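Trainee: Following the hints, complete the assembly by docking chain B onto the known chain A.
Number of protein chains: 2
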Amino acid sequence: MKKYNFNAGPSILPREVIENTAKQILDFNGIGLSLAEISHRSKDFQPVIDEATALIKELLNVPEGYSVLFLGGGASLEFCMIPCNFLKKKAAYLNTGVWSKKAIKEAKHFGEVVEVASSADDNYTFIPKGWTCPDDVDYLHITTNNTIYGTELREEPNVNVPLIGDMSSDIFSRPVDVAKYDCIYAGAQKNLSMAGVTLVIVKDEALGKVEREIPTMLNYQTHVDKGSMFNTPPVVPIYTCLETLRWIKKNGGVEEMDRRAHERAELLYAEIDRNKLFRGTVAKEDRSLMNICFVMNDEYKELEKAFFDFATSKGMVGIKGHRSVGGFRASCYNAMSVEGVKALVQCMQEFEAQN
Amino acid sequence: MKKYNFNAGPSILPREVIENTAKQILDFNGIGLSLAEISHRSKDFQPVIDEATALIKELLNVPEGYSVLFLGGGASLEFCMIPCNFLKKKAAYLNTGVWSKKAIKEAKHFGEVVEVASSADDNYTFIPKGWTCPDDVDYLHITTNNTIYGTELREEPNVNVPLIGDMSSDIFSRPVDVAKYDCIYAGAQKNLSMAGVTLVIVKDEALGKVEREIPTMLNYQTHVDKGSMFNTPPVVPIYTCLETLRWIKKNGGVEEMDRRAHERAELLYAEIDRNKLFRGTVAKEDRSLMNICFVMNDEYKELEKAFFDFATSKGMVGIKGHRSVGGFRASCYNAMSVEGVKALVQCMQEFEAQN
Numbered sequence: 001m002k003k004y005n006f007n008a009g010p011s012i013l014p015r016e017v018i019e020n021t022a023k024q025i026l027d028f029n030g031i032g033l034s035l036a037e038i039s040h041r042s043k044d045f046q047p048v049i050d051e052a053t054a055l056i057k058e059l060l061n062v063p064e065g066y067s068v069l070f071l072g073g074g075a076s077l078e079f080c081m082i083p084c085n086f087l088k089k090k091a092a093y094l095n096t097g098v099w100s101k102k103a104i105k106e107a108k109h110f111g112e113v114v115e116v117a118s119s120a121d122d123n124y125t126f127i128p129k130g131w132t133c134p135d136d137v138d139y140l141h142i143t144t145n146n147t148i149y150g151t152e153l154r155e156e157p158n159v160n161v162p163l164i165g166d167m168s169s170d171i172f173s174r175p176v177d178v179a180k181y182d183c184i185y186a187g188a189q190k191n192l193s194m195a196g197v198t199l200v201i202v203k204d205e206a207l208g209k210v211e212r213e214i215p216t217m218l219n220y221q222t223h224v225d226k227g228s229m230f231n232t233p234p235v236v237p238i239y240t241c242l243e244t245l246r247w248i249k250k251n252g253g254v255e256e257m258d259r260r261a262h263e264r265a266e267l268l269y270a271e272i273d274r275n276k277l278f279r280g281t282v283a284k285e286d287r288s289l290m291n292i293c294f295v296m297n298d299e300y301k302e303l304e305k306a307f308f309d310f311a312t313s314k315g316m317v318g319i320k321g322h323r324s325v326g327g328f329r330a331s332c333y334n335a336m337s338v339e340g341v342k343a344l345v346q347c348m349q350e351f352e353a354q355n
Numbered sequence: 001m002k003k004y005n006f007n008a009g010p011s012i013l014p015r016e017v018i019e020n021t022a023k024q025i026l027d028f029n030g031i032g033l034s035l036a037e038i039s040h041r042s043k044d045f046q047p048v049i050d051e052a053t054a055l056i057k058e059l060l061n062v063p064e065g066y067s068v069l070f071l072g073g074g075a076s077l078e079f080c081m082i083p084c085n086f087l088k089k090k091a092a093y094l095n096t097g098v099w100s101k102k103a104i105k106e107a108k109h110f111g112e113v114v115e116v117a118s119s120a121d122d123n124y125t126f127i128p129k130g131w132t133c134p135d136d137v138d139y140l141h142i143t144t145n146n147t148i149y150g151t152e153l154r155e156e157p158n159v160n161v162p163l164i165g166d167m168s169s170d171i172f173s174r175p176v177d178v179a180k181y182d183c184i185y186a187g188a189q190k191n192l193s194m195a196g197v198t199l200v201i202v203k204d205e206a207l208g209k210v211e212r213e214i215p216t217m218l219n220y221q222t223h224v225d226k227g228s229m230f231n232t233p234p235v236v237p238i239y240t241c242l243e244t245l246r247w248i249k250k251n252g253g254v255e256e257m258d259r260r261a262h263e264r265a266e267l268l269y270a271e272i273d274r275n276k277l278f279r280g281t282v283a284k285e286d287r288s289l290m291n292i293c294f295v296m297n298d299e300y301k302e303l304e305k306a307f308f309d310f311a312t313s314k315g316m317v318g319i320k321g322h323r324s325v326g327g328f329r330a331s332c333y334n335a336m337s338v339e340g341v342k343a344l345v346q347c348m349q350e351f352e353a354q355n
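Chain order of the listed sequences is A and B. For reference, each letter of the first sequence is one residue, going 1 to 355 in the UniProt record's numbering. For reference, each letter of the second sequence is one residue, going 1 to 355 in the UniProt record's numbering.
So that you can see chain A by itself, here it is in the shape it has in the complex (with noise of 0.2 Å):
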């Protein structure tokens, strides 16, 4: 049977991204050796650092003055290296869930934060709006997708500082004005490869301007004059990587993935209001493309577990809501297929008649 890959992350990859993965681990480009063996240095791995590089400042259009970083150690790392080479004496974060809460508390070790708003006592069921951010602030920080909520923050805040923008599950969604951001940095476990590689796009002149001390590795300026390879960077999510990037190139950059993200969520959202056993969770204006949360309508609450066994019956994979909201989650990333959310509705709509 058909398996629907909805897992929020590591998640659903093109599949010609993953057979060419594998086909490269057997035997990269013919040379006789597998990509796991190669060194970073040689002159077989570097035009793939290189490429990827290009591919990342085509596609989302990125400034002159900017670097293309690939780094290792995951999104949670950049929660702590984001103050170490920002945050002089104070910043501002916007509290959009956990992972915005996670990277507040590492800012704290390294000077003053102001969270300028929070939808914390509303379990982050919606994007905080009208608020404002200090002119003083180093940078204003914001999560732009939030996975565990479904929440999104698709267009940037007026604000008159930098932004630092964490972009781990909605980058090569849409559009980004990069040249708003000091700093964007994304896990690649959603939209871009396997888990073990996390991208920073980094604005060149904004680094060197604290006085603390920063360990190299934790240094952004280490990674920038040494071109990702101070140390040995992750080589097979690198490639996974470039490979998705061309993959998106291909089925027409980041506008296509836009419009193709729309559509998936316009399917599923509308069966979501119009099914008398569903309902989604977050305000409506603020609703995720990728992250699409729905519990059952109180009235059908017993039917959680039955919904849940019925729609694995039918090939749907990592359905299941984060703990901490309860019910399902359909994480719809760039290479979720329309088919992929036509089956999903199908099952929620057999199961309603059913019901």
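Among the clues, some could well be false.
One copy or any two copies: either way a pair holds, since identical chains are not told apart in the list.
As a list, the in silico DSS-like pairs of lysine-lysine whose alpha-carbon atoms are at most 27 Å apart [unchecked claim]:
| # | residue 1 | residue 2 |
| --- | --- | --- |
| 1 | K102 | K43 |
| 2 | K102 | K90 |
| 3 | K3 | K276 |
| 4 | K23 | K2 |
| 5 | K314 | K23 |
| 6 | K209 | K102 |
| 7 | K23 | K3 |
| 8 | K43 | K3 |
| 9 | K284 | K129 |
| 10 | K320 | K89 |
| 11 | K108 | K209 |
| 12 | K226 | K108 |
| 13 | K305 | K43 |
| 14 | K209 | K105 |
| 15 | K57 | K209 |
| 16 | K301 | K43 |
| 17 | K105 | K226 |
| 18 | K23 | K250 |
| 19 | K43 | K129 |
| 20 | K129 | K276 |
| 21 | K89 | K108 |
Simulated from the structure, these hints should not be mistaken for lab results. In this text the structure is predicted, and so the values were computed from the model without any measurement.
Mentor: Then chain B, alone, in the frame of chain A:
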């Protein structure tokens, strides 16, 4: 033509490890999803990390009271995590090469560093002996194998303080008395896996003794408490690690890896010592079994490029020496066959006969 991979790292892996990794990337355990797209919290992945942990404990005979961690960021990140977690006031470091030097540099961010001995003045061509380690340091840090220079410290120094060992390039090549260490760490991309995961073996009771605030991701306790799942771990590199560990066990464990390492190294060093064209670069008693460095004798210096081309034409890959030593380096990790070493020896003999 068959290629023999003498790369220093990322480096040769057993062929069955590569083939099984590629297979699981296409379809993980027959579940209809790629290893690259499964959730790290799924019932499919937990057995991977559990089995890998159990095999590490079994193969290295790890005593009770130690935790095994799989982290991102590479051994270079450990250079800063080690002092951050263990250095209260003063730590001792044995300087045996570039990696030791980098570790020392990071430790100085966190406290006083005593360099107990150094072979820097002789381009690290030997392991210093006859030094003493102060008893009042928090630990002594050693680099057990020096990839660049080709020296190896195969017996723990006799000191009264806990050891911390960077075993990136010789872990699982020989038995180790883990009880002597508070912490052992190793980038995976030599004897363990593809690049992208770092193995850490840490003594639980050695943690929590420093007073400084430690950012969450840099705190070993975070990863101990969460079984390496505080954040998304590098799923595929960990899986490849498991495959390698299974291969090591099936092939007789670290005792057999040690026997094979001696067999390979003795073959190659014997040829280096016999052949009129070549000489070894380090003190004989400190020769590494993993990275075998040699140069042309002075009177044959002009033949260096010719030998490199000749060996390359016979399928030898990655034998160029590091720029700080010059000449040649044949890295002979666990997966290198005796046949591979014999092929290199044959190149050396044929080239000698021609010149």
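Trainee: Taking the hints in turn, state whether each one holds.
Mentor: So, going through the hints one by one against the coordinates:
| no. | hint | result |
| --- | --- | --- |
| 1 | K102 / K43 | between (39 Å within a copy, 26 Å between copies) |
| 2 | K102 / K90 | within (17 Å within a copy, 31 Å between copies) |
| 3 | K3 / K276 | within (26 Å within a copy, 63 Å between copies) |
| 4 | K23 / K2 | both (22 Å within a copy, 18 Å between copies) |
| 5 | K314 / K23 | between (30 Å within a copy, 25 Å between copies) |
| 6 | K209 / K102 | both (24 Å within a copy, 24 Å between copies) |
| 7 | K23 / K3 | both (22 Å within a copy, 18 Å between copies) |
| 8 | K43 / K3 | between (38 Å within a copy, 16 Å between copies) |
| 9 | K284 / K129 | within (14 Å within a copy, 70 Å between copies) |
| 10 | K320 / K89 | neither (41 Å within a copy, 48 Å between copies) |
| 11 | K108 / K209 | both (18 Å within a copy, 22 Å between copies) |
| 12 | K226 / K108 | between (29 Å within a copy, 22 Å between copies) |
| 13 | K305 / K43 | between (53 Å within a copy, 18 Å between copies) |
| 14 | K209 / K105 | both (22 Å within a copy, 22 Å between copies) |
| 15 | K57 / K209 | within (24 Å within a copy, 45 Å between copies) |
| 16 | K301 / K43 | between (58 Å within a copy, 25 Å between copies) |
| 17 | K105 / K226 | between (30 Å within a copy, 18 Å between copies) |
| 18 | K23 / K250 | both (20 Å within a copy, 26 Å between copies) |
| 19 | K43 / K129 | neither (50 Å within a copy, 39 Å between copies) |
| 20 | K129 / K276 | neither (30 Å within a copy, 78 Å between copies) |
| 21 | K89 / K108 | both (10 Å within a copy, 24 Å between copies) |
The structure is inconsistent with the numbered hints 10, 19, 20, although it conforms to all the rest.
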